[in-house]
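Visitor: The chain contents come next:
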Amino acid sequence: MEKKMTLPLTDKDIMSLKSGDKVLLTGVLYTARDAAHKRLTVDIKKPPIPLKGQTLYYCGPTPAMPGRPIGSAGPTTSSRMDTFTGQLLKAGIKAMIGKGQRSKETRELMKKHKVVYFAATGGAGALLAKHIKSAKIAAYPDLGPEAIYELKVVDFPVIVANDVKGHDIFEEGVKKFKRK
Amino acid sequence: MREIEAKKIKETIKELAIKANYELSEDVLSLLNEALKKERSENGREILRQLIKNADIARKERYPICQDTGLAVVFVEVGQDVRIVGGSLAAAVNEGVSRGYQEGFLRKSVVGDPFVRNNTNDNTPAMLHTQIVPGDKVRITLMAKGGGCENSSSYRMFKPGTSKEEIETFVLDTVKAAGANPCPPVIVGIGIGGNQETSALLAKKALLREVSRQNSSKDISAMEKELLKKINDLGIGPGGLGGSVTALSVHIETAPCHIASMPVTVNLECHAHRVKCEVI
Numbered sequence: 333m334e335k336k337m338t339l340p341l342t343d344k345d346i347m348s349l350k351s352g353d354k355v356l357l358t359g360v361l362y363t364a365r366d367a368a369h370k371r372l373t374v375d376i377k378k379p380p381i382p383l384k385g386q387t388l389y390y391c392g393p394t395p396a397m398p399g400r401p402i403g404s405a406g407p408t409t410s411s412r413m414d415t416f417t418g419q420l421l422k423a424g425i426k427a428m429i430g431k432g433q434r435s436k437e438t439r440e441l442m443k444k445h446k447v448v449y450f451a452a453t454g455g456a457g458a459l460l461a462k463h464i465k466s467a468k469i470a471a472y473p474d475l476g477p478e479a480i481y482e483l484k485v486v487d488f489p490v491i492v493a494n495d496v497k498g499h500d501i502f503e504e505g506v507k508k509f510k511r512k
Numbered sequence: 027m028r029e030i031e032a033k034k035i036k037e038t039i040k041e042l043a044i045k046a047n048y049e050l051s052e053d054v055l056s057l058l059n060e061a062l063k064k065e066r067s068e069n070g071r072e073i074l075r076q077l078i079k080n081a082d083i084a085r086k087e088r089y090p091i092c093q094d095t096g097l098a099v100v101f102v103e104v105g106q107d108v109r110i111v112g113g114s115l116a117a118a119v120n121e122g123v124s125r126g127y128q129e130g131f132l133r134k135s136v137v138g139d140p141f142v143r144n145n146t147n148d149n150t151p152a153m154l155h156t157q158i159v160p161g162d163k164v165r166i167t168l169m170a171k172g173g174g175c176e177n178s179s180s181y182r183m184f185k186p187g188t189s190k191e192e193i194e195t196f197v198l199d200t201v202k203a204a205g206a207n208p209c210p211p212v213i214v215g216i217g218i219g220g221n222q223e224t225s226a227l228l229a230k231k232a233l234l235r236e237v238s239r240q241n242s243s244k245d246i247s248a249m250e251k252e253l254l255k256k257i258n259d260l261g262i263g264p265g266g267l268g269g270s271v272t273a274l275s276v277h278i279e280t281a282p283c284h285i286a287s288m289p290v291t292v293n294l295e296c297h298a299h300r301v302k303c304e305v306i
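Going down the list, the protein sequences come from chains A and B.
Residue numbering for the first sequence is 333 to 512, as defined by the working numbering.
Residue numbering for the second sequence is 27 to 306, as defined by the working numbering.
Rather than coming from a laboratory, the hints here were simulated on the basis of the structure.
All residues carry an ideal CB built from backbone N, CA and C; glycine is no exception.
There could be a bad hint or two in this list.
[Unchecked claim] Straight-line alpha carbon distances no greater than 30 Å define the calculated DSBU-like cross-link-like pairs of lysine-lysine that follow: (1) Lys-462/A x Lys-64/B; (2) Lys-336/A x Lys-507/A; (3) Lys-79/B x Lys-510/A; (4) Lys-508/A x Lys-336/A; (5) Lys-86/B x Lys-354/A; (6) Lys-190/B x Lys-510/A.
[To be verified] Part of the chain B face toward chain A, derived, beta carbon under 7 Å: (7) Gln-76; (8) Asn-80; (9) Ile-83; (10) Cys-92; (11) Ala-206; (12) Cys-209; (13) Asp-259; (14) Ile-262; (15) Gly-268; (16) Ala-298.
Make the full structure from the sequences, and use the hints.
Guide: Quick look at the structure:
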């Protein structure tokens, strides 16, 4: 029932995804949250990490215990990154993973750029950490937990929240289960 | 006068910070398991299963339950027959948080200045609330409060005589606007009355109540039950993906207030509800 996909995602992969699809991702993710997003938009002409075709994961992990690649690593609230997302999509970001609904503007931009947004389970930091096989700081080390980490993940479980057709799992979910 | 060493307070805080972040409480786990039985959405059930498994992994394999190990909100009730020796209470609390967050491999999520945003690198300062109470004990409650749920808070200064229904609408609008961000299913804390600042504290303290316990007043308890039903009828569900369990529990605390005021604060708490308590 889950679709296994490798990162970076191809355009074909992205076009095949529908809101509600469960996906297991294997490959490279780059973490970036508030502070890193701000810096990336300043460094957009010469970004410290590859952006074209890449997948961003909104996450600030806990420090790794010795012998482990990473600590707890669940998603943070995506809407805080909405204001910066337009520029990153223009620079070639193809997919994002986070928690919660994106703004209307961001959803329009995702449709326009043919980009997919995945939701990872908020609060499942320990479970998600087990799918991360390596983590190294790729940029902005001074930001501590907000640094950009390059993560190598295996079967990282996510669900398609917004597909290229503009479906939104949060809106559709509430519509289905709302009771008057 | 009973003497209590500041060092003992520091040690207790350190242990509570670590325990709160690694060990999901039994009563919360029960509520999540009950929610799993009640949840009508398949996606919702999957989220709940993941959260229950997550708590198990956290406890057995020593990963923090969530990567947002929160700001340390600390309530200290100091018995008035207690004398704290060997250091200041505030310093002991902050040193305890600092040690706990460092030794416990917890995330440092505090910035020293809201504009400069420089990380303090040890998760201090704690949000410390102290109260002098009768007796000779020191009761310490530590709540690891994440940013997602905290950012979903709301407050309004209502007019006196505002109906329960209007306040319910305000609470429902708050939960609706929050969506998936506070990691539903949530626990809802509501403070009604007091002053602006005390209504906020009431809402936070409402979250500290035993999860399944209702307010002792019949009228307020009825309002809690009514709100729980209405919040679940919103259909937001676990992870905001749509479902029938959006909140695990609603707690309302009330307090006396000005004849011209009716402050209402809503503070949302995620399902992990990382609260631990110790009495010295």
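Visitor: Less than 7 Å between beta-carbons is the criterion; does Ile-83/B satisfy it with respect to chain A?
Guide: The hint holds - Ile-83/B has a Cβ within 7 Å of chain A, the shortest such distance being about 4 Å.
Visitor: If you take the shortest Cβ to Cβ gap from Asn-80/B to chain A, is it below 7 Å?
Guide: Hint holds; Asn-80/B Cβ to chain A Cβ min 4 Å, cut 7 Å.
Visitor: Is it true that the CA of Lys-508/A sits at most 30 Å from the CA of Lys-336/A?
Guide: It holds: about 27 Å lies between the C-alpha atoms, which stays within 30 Å.
Visitor: Regarding the hint that Ala-206/B lies at the interface with chain A, is the smallest CB-CB distance below 7 Å?
Guide: The hint holds - Ala-206/B has a Cβ within 7 Å of chain A, the shortest such distance being about 4 Å.
Visitor: With 7 Å as the cut and Cβ atoms as the points, is Gln-76/B at the interface with chain A?
Guide: 5 Å, holds
Visitor: Measure nothing beyond the straight line between the CA atoms of Lys-86/B and Lys-354/A; if it is 30 Å or shorter, mark the hint as holding.
Guide: Measuring from Cα to Cα gives roughly 27 Å; hence the hint holds.
Visitor: Restraint: Cys-209/B near chain A, CB-CB cut 7 Å. Satisfied or not?
Guide: 4 Å, holds
Visitor: When you check the alpha-carbon spacing of Lys-336/A and Lys-507/A, does it fall within 30 Å?
Guide: Cα-Cα ~28 Å, so holds.
Visitor: Using the nearest Cβ pair, does Asp-259/B come within less than 7 Å of chain A?
Guide: Nearest chain A Cβ about 4 Å off; hint holds.
Visitor: Next item in the hint list is Gly-268/B. Is there a CB on chain A closer than 7 Å to its CB?
Guide: 2 Å, holds
Visitor: Would you settle whether the hint for Ala-298/B is holds or violated, based on the nearest Cβ-Cβ distance to chain A being less than 7 Å?
Guide: 6 Å, holds
Visitor: Hey, does the Ile-262/B contact hint survive, CB to chain A under 7 Å?
Guide: Constraint on Ile-262/B satisfied, holds at 6 Å.
The earlier numbered hints are all upheld by this structure, with none contradicted.
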